[in-house]
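**Student:** Here the structure of chain D is known, so what remains is to put chain U in place on it, guided by the hints.
Order-wise, the sequence lines are chains D and U. Counted from 1, the first sequence has number 55 at position 55 by the working numbering; the numbering is strictly sequential. Counted from 1, the second sequence has number 33 at position 33 by the working numbering; the numbering is strictly sequential.
Heads up, some of the hints might be wrong.
Said to hold, decoys possible - Calculated cross-link-like contacts (lysine-lysine; reagent style PhoX-like; alpha-carbon spacing at most 25 Å):
{"no.": "1", "chain 1": "D", "residue 1": "K67", "chain 2": "D", "residue 2": "K56"}
{"no.": "2", "chain 1": "U", "residue 1": "K101", "chain 2": "D", "residue 2": "K99"}
{"no.": "3", "chain 1": "D", "residue 1": "K109", "chain 2": "D", "residue 2": "K56"}
{"no.": "4", "chain 1": "U", "residue 1": "K65", "chain 2": "D", "residue 2": "K99"}
{"no.": "5", "chain 1": "D", "residue 1": "K99", "chain 2": "D", "residue 2": "K2"}
{"no.": "6", "chain 1": "U", "residue 1": "K7", "chain 2": "U", "residue 2": "K65"}
{"no.": "7", "chain 1": "U", "residue 1": "K7", "chain 2": "D", "residue 2": "K42"}
{"no.": "8", "chain 1": "D", "residue 1": "K2", "chain 2": "U", "residue 2": "K101"}
{"no.": "9", "chain 1": "D", "residue 1": "K67", "chain 2": "U", "residue 2": "K7"}
{"no.": "10", "chain 1": "D", "residue 1": "K109", "chain 2": "D", "residue 2": "K42"}
{"no.": "11", "chain 1": "D", "residue 1": "K99", "chain 2": "D", "residue 2": "K42"}
{"no.": "12", "chain 1": "D", "residue 1": "K99", "chain 2": "U", "residue 2": "K7"}
{"no.": "13", "chain 1": "D", "residue 1": "K67", "chain 2": "D", "residue 2": "K109"}
{"no.": "14", "chain 1": "D", "residue 1": "K67", "chain 2": "D", "residue 2": "K2"}
{"no.": "15", "chain 1": "U", "residue 1": "K7", "chain 2": "D", "residue 2": "K56"}
{"no.": "16", "chain 1": "D", "residue 1": "K67", "chain 2": "D", "residue 2": "K99"}
The hints are simulated quantities; they were obtained by calculation from the structure and are not laboratory data.
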Amino acid sequence: QKEVEQNSGPLSVPEGAIASLNCTYSDRGSQSFFWYRQYSGKSPELIMFIYSNGDKEDGRFTAQLNKASQYVSLLIRDSQPSDSATYLCAVNVRGGGNKLTFGTGTQLKVEL
Amino acid sequence: SAVISQKPSRDICQRGTSLTIQCQVDSQVTMMFWYRQQPGQSLTLIATANQGSEATYESGFVIDKFPISRPNLTFSTLTVSNMSPEDSSIYLCSVRAELAKNIQYFGAGTRLSVL
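Only chain D is shown next, with the shape it has when bound in the complex (with noise of 0.2 Å):
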């Protein structure tokens, strides 16, 4: 078992809907969770990070974490065809220091 895992996608969205981005992660001890977007030929830019159970929101973006069912996930509401980029998720897993373990992303694509 991969100690994260995203579906890869591509996941499309009419603009205006609300996207819905999963991850689960198998270290039930993990303690930092984050999402990073990409777009094609750049590098990951941080959006979210949640470190307790629960939501939260930042503009358009909710990340929601569920530590006993082992998931994190980022909503995105009103998606904009900005927003087409893949998706990654990180996790800070237990006795992995400061270190970051990422899954392979998802390919968000919003459509006009």
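**Tutor:** Okay, now just chain U, sitting in the frame of chain D:
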């Protein structure tokens, strides 16, 4: 977030040669990381570079192939040695944000093609 400058941004190299990639940060940071991202793949950590100590390499990566220097708190280099076409990849440096638990910010990356 820190401003991270990475160079070169891209290079095309011949088999058997070496390339050194530089990563410069505009503020002092304790931890820097080097990643590889192969085409269509996610990020794989090569090593963690702390100032004043030897880099810590991940499984599958060795110092002879990927020597790393960290001479001060704002600079690091990664060398890709004796390159083969399999080394064609994007190499990224990142820094851990000070006073923020495990947050990392990335440089723009170096796109390497080996012929």
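**Student:** Determine for every hint whether it applies to the structure shown.
**Tutor:** Cross-check of the supplied hints:
no., hint, result
1, D:K67 / D:K56, "holds (14 Å)"
2, U:K101 / D:K99, "holds (11 Å)"
3, D:K109 / D:K56, "holds (23 Å)"
4, U:K65 / D:K99, "holds (21 Å)"
5, D:K99 / D:K2, "holds (16 Å)"
6, U:K7 / U:K65, "holds (19 Å)"
7, U:K7 / D:K42, "holds (14 Å)"
8, D:K2 / U:K101, "holds (23 Å)"
9, D:K67 / U:K7, "violated (39 Å)"
10, D:K109 / D:K42, "holds (16 Å)"
11, D:K99 / D:K42, "holds (21 Å)"
12, D:K99 / U:K7, "holds (23 Å)"
13, D:K67 / D:K109, "violated (28 Å)"
14, D:K67 / D:K2, "holds (17 Å)"
15, U:K7 / D:K56, "violated (35 Å)"
16, D:K67 / D:K99, "holds (19 Å)"
Hints 9, 13 and 15, counting from the list given before, are not met by this structure.
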